[in-house]
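A.B. asks: If you're matching them up, the sequences are chains A and B in order. For the first sequence, position 142 matches number 142 in the UniProt record's numbering, and the numbering has no gaps at all. For the second sequence, position 15 matches number 15 in the UniProt record's numbering, and the numbering has no gaps at all.
Because the hints were derived from the structure by calculation, they are not lab data. It is possible that part of the hints are untrue.
If chains are identical, the list can't say which one is meant, so a pair holds when it fits in one copy or spans any two.
Each computed SDA-like pair below joins lysine to any residue, with the alpha-carbon atoms no more than 20 Å apart [to be verified]: (1) K129 with G62; (2) K129 with P110; (3) K75 with V115; (4) K74 with G101.
Nothing here was measured: the structure is a model prediction, and the numbers come from that model.
Here is how the chains run, residue by residue.
2 protein chains.
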Amino acid sequence: MSANSRLTIAAHALAWIGLYQRQGHEVATSEQIASSANTNPVVIRRLLGELRAAGLVESRRGVGAGWTLTRDLKKMTLLDVYDAIEPGPLFALHRASPDEGCVIGHGIQPALQDVYAGIECTVRTELSKTTLEDVLQAVLAVPR
Amino acid sequence: MSANSRLTIAAHALAWIGLYQRQGHEVATSEQIASSANTNPVVIRRLLGELRAAGLVESRRGVGAGWTLTRDLKKMTLLDVYDAIEPGPLFALHRASPDEGCVIGHGIQPALQDVYAGIECTVRTELSKTTLEDVLQAVLAVPR
DNA sequence: TCAGTCGTAACAAAGATGGTTACTTCAAAC
DNA sequence: GTTTGAAGTAACCATCTTTGTTACGACTGA
């Protein structure tokens with residue numbers, strides 16, 4: 001597995017809902033999205049549930065239920081999605097606290113924390129540059 | 001666990017060896033490093049083994065055995081370490097291939113691949129800006 | 001009342017990471 | 001040649017994350 005594909009699936013789902021709505025449909029079902037992404041509807045519902053908590057999508061229940069976007073894809077960036085579904089940092093510090101009696105053990109965590117913070121900052125900046133509309137247009141631009 | 005701490009432990013080990021050598025010692029043992037990082041010597045040997053494969057450190061066996069740097073910490077960046085120990089990409093594509101019959105399913109992977117490649121590129125650039133000497137100096141600068 | 005879809009719990013499978021033990025191999029020192 | 005200390009490495013386990021799957025309750029429009 002190595003890396004995780006949650007950002008990929010979330011972007012897939014949002015682009016799918018956006019295109020579907022643009023074609024005149026009101027709501028998209030987790031079943032439809034799962035079929036396109038080749039995964040299980042529950043996986044989609046779980047992921048969209050997190051996006052809903054972040055205010056990116058809404059869901060309706062009952063007959064004719066499904067998912068809708070809360071705002072245009074132009075106003076949604078990959079950073080919004082990332083923040084909604086990725087809780088932890090890119091790099092972790094020590095699992096167990098290093099030896100405070102050792103010079104290295106004492107200073108290594110603050111030292112690395114600064115470096116890691118800088119990297120996370122640039123990643124976030126990069127993610128914020130791409131909107132889901134950019135993603136959708138790039139998808140549509142791929143030749144068949 | 002969430003994220004992984006391999007880069008952290010590797011940087012810790014390299015800084016430790018570097019400082020130890022600077023203090024006049026020839027070789028550092030996995031036992032000593034593990035004690036400072038509060039982990040198991042085998043974990044250190046495994047990690048240093050990968051760094052050795054990348055040419056960053058050397059090991060000697062027999063009595064008085066241990067680990068040495070192959071070059072100065074100034075000429076070693078976090079990117080060198082990252083490349084030595086992190087095989088996979090930051091973000092993964094779909095685990096199972098999406099539906100090629102669907103417009104989104106067909107174009108989503110090339111579209112996201114471009115975005116992800118750009119992000120990896122900036123992360124690598126950031127990592128290459130910090131040398132292990134920078135890390136060691138930052139460690140030594142932390143007040144007791 | 002019915003039917004369709006979300007909401008969610010529960011569980012399993014798989015992979016990554018890290019910890020531990022145990023044994024082999026090596027090379028310097030004696 | 002024997003001893004000794006440390007690397008090399010296999011094996012196993014525990015934990016965590018992610019993903020897939022089944023099952024069933026909750027909701028709501030027709």
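A.B. asks: Next, verify each hint and record whether it holds.
C.D. replies: Now the hints, each set against the structure:
For the homomeric pair K129 and G62, neither the shortest alpha-carbon distance inside one copy (37 Å) nor that between copies (54 Å) is at most 20 Å. For the homomeric pair K129 and P110, the shortest alpha-carbon distance between copies (18 Å) is at most 20 Å, but the shortest distance inside one copy (29 Å) is not. Proximity of K75 and V115 under a CA criterion of 20 Å is satisfied inter-copy only: 17 Å between copies versus 30 Å inside one chain copy. In the homo-oligomer, the alpha carbons of K74 and G101 never lie at most 20 Å apart, since the shortest distance is 52 Å inside one protomer and 25 Å across protomers.
Checked against the numbered hints given earlier, this structure breaks hints 1 and 4; the rest are met.
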